[in-house]
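Those sequence lines, one after another, are chains A and B. Mind the numbering: the first sequence is residues 1 to 112 in this note's numbering, read in order. Mind the numbering: the second sequence is residues 1 to 113 in this note's numbering, read in order.
A hint or two may mislead.
Below, a list of computed lysine to aspartate or glutamate pairs in the DMTMM-like style, where the Cα atoms sit at most 25 Å apart [unchecked claim]: (1) B/K78 with A/E27; (2) B/K100 with A/D56; (3) B/K100 with B/E52; (4) B/K100 with A/D73; (5) B/K78 with B/E17; (6) B/K55 with A/E27; (7) B/K55 with B/E29; (8) B/K100 with A/D38; (9) B/K73 with A/D99; (10) A/K57 with B/E17; (11) B/K100 with B/E17; (12) A/K53 with A/E14.
Read the hints as simulated data drawn from the structure, not as lab findings. Keep in mind the model is a prediction, meaning the values are calculated, not measured.
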Amino acid sequence: DAGITQSPRHKVTETGTPVTLRCHQTENHRYMYWYRQDPGHGLRLIHYSYGVKDTDKGEVSDGYSVSRSKTEDFLLTLESATSSQTSVYFCAINHPPADTQYFGPGTRLTVL
Amino acid sequence: AQTVTQSQPEMSVQEAETVTLSCTYDTSESNYYLFWYKQPPSRQMILVIRQEAYKQQNATENRFSVNFQKAAKSFSLKISDSQLGDTAMYFCALTGANSKLTFGKGITLSVRP
Numbered sequence: 001d002a003g004i005t006q007s008p009r010h011k012v013t014e015t016g017t018p019v020t021l022r023c024h025q026t027e028n029h030r031y032m033y034w035y036r037q038d039p040g041h042g043l044r045l046i047h048y049s050y051g052v053k054d055t056d057k058g059e060v061s062d063g064y065s066v067s068r069s070k071t072e073d074f075l076l077t078l079e080s081a082t083s084s085q086t087s088v089y090f091c092a093i094n095h096p097p098a099d100t101q102y103f104g105p106g107t108r109l110t111v112l
Numbered sequence: 001a002q003t004v005t006q007s008q009p010e011m012s013v014q015e016a017e018t019v020t021l022s023c024t025y026d027t028s029e030s031n032y033y034l035f036w037y038k039q040p041p042s043r044q045m046i047l048v049i050r051q052e053a054y055k056q057q058n059a060t061e062n063r064f065s066v067n068f069q070k071a072a073k074s075f076s077l078k079i080s081d082s083q084l085g086d087t088a089m090y091f092c093a094l095t096g097a098n099s100k101l102t103f104g105k106g107i108t109l110s111v112r113p
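Go ahead and model the full structure; you've got the sequences and the hints to work with.
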């Protein structure tokens with residue numbers, strides 16, 4: 001258990017509404033990641049953070065923004081949700097020295 | 001760009017038997033890590049095993065072992081004495097810069113009683 005929680009665990013929203021997902025960790029890890037999981041695609045990186053206020057884009061960042069104002073929280077925002085963003089979202093932390101990522105329980109997001 | 005390929009979408013194995021899941025990858029990095037993750041129906045991503053690319057010795061964790069062929073860029077997972085609880089989706093993954101992971105598409109493993 002890497003002390004990672006995600007909230008909410010499930011959310012249903014409507015197209016065009018803003019949505020924020022929260023990832024919280026308790027072990028002061030520097031690196032945090034957001035992935036989405038879709039059938040036939042495995043997990044794909046959306047954004048990641050390498051410190052407070054330090055973030056960068058991943059493979060599928062369009063339509064998403066992130067913020068990290070404190071070490072323990074990494075927020076993922078969908079500014080205007082679309083049906084293509086219906087997915088399961090995972091947060092992860094990186095645990096050195098072996099570059100191993102541990103994952104939160106996931107958030108299932110449905111955009112109607 | 002890094003790629004991870006899992007070409008078998010599904011496999012099935014009889015309980016107590018051995019099964020091997022295949023994975024190939026491509027990377028330009030000289031130092032990297034490879035992983036197998038398990039995702040049971042609960043959806044939780046669980047680390048199964050990790051391999052450092054600079055180590056020639058294959059990693060082993062109880063009933064799980066890997067066959068790491070660096071020159072061939074191959075990284076297969078062997079599960080011995082399969083158990084019903086091994087039924088899950090398995091993902092092969094590779095680290096890149098800033099420890100970002102690239103995943104394969106996954107393989108669904110079913111263990112038959």
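Hints, one by one, checked against the model:
1. B/K78 with A/E27: violated (32 Å)
2. B/K100 with A/D56: holds (11 Å)
3. B/K100 with B/E52: holds (15 Å)
4. B/K100 with A/D73: Holds - the C-alpha atoms of A/D73 and B/K100 are around 18 Å apart, at most 25 Å.
5. B/K78 with B/E17: With Cα atoms ~11 Å apart, B/K78 and B/E17 stay inside 25 Å; holds.
6. B/K55 with A/E27: violated (28 Å)
7. B/K55 with B/E29: Roughly 15 Å between the alpha carbons, so the hint for B/K55 and B/E29 holds.
8. B/K100 with A/D38: holds (18 Å)
9. B/K73 with A/D99: holds (19 Å)
10. A/K57 with B/E17: violated (43 Å)
11. B/K100 with B/E17: violated (34 Å)
12. A/K53 with A/E14: Roughly 29 Å separates the two Cα atoms, so the pair is violated.
In the structure shown, a violation is registered for the earlier hints numbered 1, 6, 10, 11 and 12, in ascending order.
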